[in-house]
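Protein chains in written order, with the numbering used here: chain A, 1 to 72; chain B, 1 to 361.
No lab work stands behind these hints, which were simulated from the structure alone.
Do not take every clue at face value.
[Said to hold, decoys possible] Incomplete in silico selection of chain B near chain A, CB under 7 Å:
#, residue
1, Ala6
2, Arg150
3, Lys153
4, Glu182
5, Arg220
6, Gly291
Glycine included, each C-beta is placed from N, C-alpha and C at the ideal position.
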Amino acid sequence: MSTMVDARGLSCPQPVLDTLQQLKIQQKGELIVMVDTDASKENVIRAARSRKWQTKDVQPEGSGYRITFTKE
Amino acid sequence: MKNIFATRKGIIGVGSLIGVLAALLQYWGNPGNMGICVACFVRDIAGAVGLHRAGVVQYMRPEIIGFVLGSLIAAYAFKEFRPRAGSAPIVRFVLGVFAMIGALVFLGCPWRALLRLAAGDGNAVIGVVGLVAGIYIGVQFLKGGYNLGRAEKTYTSVGWMLPLVMLGFLVLLLISPQITGENKSGVLFYSLKGPGAMHAPILLSLAIGLLVGFLAQRSRFCTMGAFRDLILFRQIHLFSGIIALLIAAFGTNLLVGQFHPGFVGQPVAHTMGLWNFSGMLLAGLAFTLAGGCPGRQLFLAGEGDSDAAIFVLGMIVGAGFAHNFALASSPKGVGPHGIAAVVIGLVVCLFIGLTMRKKVV
Chain A
1 MSTMVDARGL SCPQPVLDTL QQLKIQQKGE LIVMVDTDAS KENVIRAARS
51 RKWQTKDVQP EGSGYRITFT KE
Chain B
1 MKNIFATRKG IIGVGSLIGV LAALLQYWGN PGNMGICVAC FVRDIAGAVG
51 LHRAGVVQYM RPEIIGFVLG SLIAAYAFKE FRPRAGSAPI VRFVLGVFAM
101 IGALVFLGCP WRALLRLAAG DGNAVIGVVG LVAGIYIGVQ FLKGGYNLGR
151 AEKTYTSVGW MLPLVMLGFL VLLLISPQIT GENKSGVLFY SLKGPGAMHA
201 PILLSLAIGL LVGFLAQRSR FCTMGAFRDL ILFRQIHLFS GIIALLIAAF
251 GTNLLVGQFH PGFVGQPVAH TMGLWNFSGM LLAGLAFTLA GGCPGRQLFL
301 AGEGDSDAAI FVLGMIVGAG FAHNFALASS PKGVGPHGIA AVVIGLVVCL
351 FIGLTMRKKV V
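Chain B with its partners taken away, still in its complex shape:
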């Protein structure tokens, strides 16, 4: 059976739909230029369960839960669920940690970088340049034989672990609904102000998350892969998907009045160019070494890839560190230790890239 979503038209269609839905999620209540941001939303989840206590970014984002479960549903519906494990999990965990830290220094994952661009945030241009530079460095490692080794087929239930965690998160969200004026409900933390307090209605967020998860699993949508394949193979397949996302989000933003070009005063963004660049440089390199952008890692985890699931856990823990250690940026600029964290992250990624390689024959 041919997979129509994996064709050129398919990936363009999926990218366009994600662009429209992301812009609309903002319209329906999600934070500014953050209709969908995998890094930010995973960070909000880390806050919701108290792994960090940054009061403005605590919310159990249903979109993330939907991404994993939507991908799981698609993988089962099309007989693509493949439980697998064992491709250097600890390295993937560390890459997840530093990918998150890099993304939070920029204030967004590649998805949000595109959405910020589509809303006129000029700082995102610098972020995207950093992202491409990080991916370019990663590609050099790939060309030099960098490889995290083979995963092996494993028990079905191994592949279910992250989807079950997400189901658990969904149950927590449903039994601990937000109470107006309270920053806690049951075991979950909520934000009273800031981006964590801004969200679309739960069921709408969940439904869109499930739909995007389903379609992204079918189409293999990946923002990092888009640039990587362009640099590595001169192939524009995935790239056409993110361009479609960008154009669709831009068009939707124009229609609903969310396009505000400029550098200063952009929502949840700072204007420190060097660190917008360097944060995304780190994130791009870490994504490339791990083989997928944060969204793609969620979708892979949904189809049974437990190594991608470990990367996701690394992102959750990385978000905890990012806020507990004051590494994450804020609209005022980089955090007190953000610069040190980016430098350490780059050194760690270079170590991983240089030492984990098979001889090229």
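Looking at chain A on its own, in the form it has when it is part of the complex:
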């Protein structure tokens, strides 16, 4: 069971804020984050990594990316 943060169209630093907020609530499991710029992709991955979440998968979707994070 995974949750999703849709950060498409949001400008910096909103995608990171939304992602971190969800990571805080969720603690572990799987989280999918949708972003639409490369800068947001890098920022979200960097933020998740700093919270010890792993980037499992990055898939292009539409004009952006679908990123899957996991934590045991």
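Knowing the structure of chain A, use the given hints to seat chain B on it.
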């Protein structure tokens, strides 16, 4: 494909290179401690096209044109051009206006604040403290749910609008070259004295502008974001970039004899501490609410973000107001109405920050 410029080494490398190039641009002719100043240079462009008629600050700065076009080239080369629009454009315009006014009360954007610091201008310390305070207030709004809403994907040509404006400015510059002793050439205004009369050779300025625009787009270099991420996320990624800029500019200044520590008599600077602080407080808050420092707004505009382009237009118009209404400071101190403008700007930013928020779940 991994983006090496977005790594820690990448951002440090880009910051260092910008620091060296900015100090060298001063060495090659740009005004004192103003090798690169996004706010000042946008203001000079506003003067060049006659939106204000402050005789000492009129020049079509090729660096600014290069920043936008360099970012555009990088965005296309790496398939990152994303035309987008619609995240509260009018608010971004107003933030651009007041960001510019705040910066011109201090006499510099964050880039120049760092360059002034790297050249020994003690007043810049107070400016940077104000900048950080403004960003700190902005971060509180972000934590409280402040959000200008989503942008939507749009026509490619929407993303081209500001780059095309910059191309137009470049054409004007090339067909209306400066005539010695004349303050006008074709439609463009030039300065005969003051900072507007000081500039590196056009092609050199343009080339460095393009290079910096390209690298900043790749690395997401942002001076406001540096402090914001540090305060908001305890993250030092962007911060390491501006520290690199500071150290590199300091080293270069030492080497070429541009380091002159002190408070009094610094180039294009005043010593009114409270207003150095408050001008940057306003600018820092406006940048944070708009999501980027003035440089970053130019780079975002180059990669298709038309909301950032609107912020840039706001800065151009804000520069017009700043000089027409005597809000901008001069080496003598703040302008007659600068203090009122800073107060109004802070009230406007608080209104924006307090009323545009989504409920935090």
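So, going through the hints one by one against the coordinates:
The closest approach between the C-beta of Ala6 of chain B and any C-beta of chain A is roughly 5 Å, which is under the 7 Å cut-off, so the hint is satisfied. Satisfaction of the interface hint for Arg150 of chain B is found here, the shortest Cβ-Cβ separation to chain A being roughly 3 Å, below the 7 Å cut-off. With a cut of 7 Å, the hint placing Lys153 of chain B at the interface with chain A holds, because the nearest CB-to-CB distance is about 6 Å. Nearest Cβ of chain A to the Cβ of Glu182 of chain B: about 43 Å, over the 7 Å cut. The hint is violated.
Taking 7 Å as the C-beta cut-off, the interface hint given for Arg220 of chain B holds, the closest approach to chain A being about 5 Å. A least Cβ separation of about 5 Å between Gly291 of chain B and chain A falls short of the 7 Å threshold, and the interface hint therefore holds.
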